[in-house]
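Undergrad: Whenever a hint applies, use it, and build me the whole structure from the sequences.
The opening position of the sequence shown corresponds to residue 1 in full-length UniProt numbering, with each subsequent residue numbered one higher.
To be clear, the hints were calculated from the coordinates, so they are not data collected in a lab.
Some hints here could point you the wrong way.
Using C-beta positions, here's what the derived DEER-type ranges look like [stated by the list, open to error]:
| id | residue 1 | residue 2 | range |
| --- | --- | --- | --- |
| 1 | ALA48 | CYS86 | 36 to 44 Å |
| 2 | THR37 | GLY63 | 33 to 41 Å |
| 3 | VAL120 | GLN99 | 19 to 27 Å |
| 4 | GLY101 | GLY63 | 17 to 25 Å |
| 5 | HIS35 | THR102 | 41 to 49 Å |
| 6 | LYS104 | GLU34 | 41 to 49 Å |
Within a straight-line C-alpha distance of at most 30 Å, the following computed DSS-like cross-link-like pairs (lysine-lysine) qualify [stated by the list, open to error]:
| id | residue 1 | residue 2 |
| --- | --- | --- |
| 7 | LYS47 | LYS61 |
| 8 | LYS117 | LYS47 |
| 9 | LYS100 | LYS113 |
| 10 | LYS100 | LYS61 |
Treat the numbers as computed from the prediction; the structure is a model and nothing was measured.
All C-beta atoms in this analysis are idealised placements derived from N, C-alpha and C, irrespective of residue type, glycine included.
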Amino acid sequence: MASICGRMAFRAAARQNVTYTPVRFCKMMNDPLEHATGIEKRELLAKAAGNDNPFDMKVFKRGAGTKENPNLIPSAFDARIVGCICEEDQTYVQWMWLQKGTAKRCECGHWFKLVEKAAV
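TA: Listed below in structure tokens is the structure:
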């Protein structure tokens, strides 16, 4: 028992000699824009410019959706997959591919059309 107490006292005394100050490690990280590269940097720049939805990932509210006045879906590509929640209490999404230049009708009767959008 005495040897255990002696070891504990020795360790406690040894620990007191080495101190770490948190001030040494209290650096603030630089602006995330300085560290970001690639698509993440383009996203941060778009958000700084006021575009909260640079990749059009948010839900669009469906409009009238007639053949003469379809719901316009922006895309920087020639095709895009779109999901339509046909009924308000529906538990699944009706997915379809939209091609550039042609309007497409969902099973519920709403029309969608792809329009040109500049890439981020």
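Undergrad: Looking back at the hints listed earlier, which ones does the structure fail to meet?
TA: none
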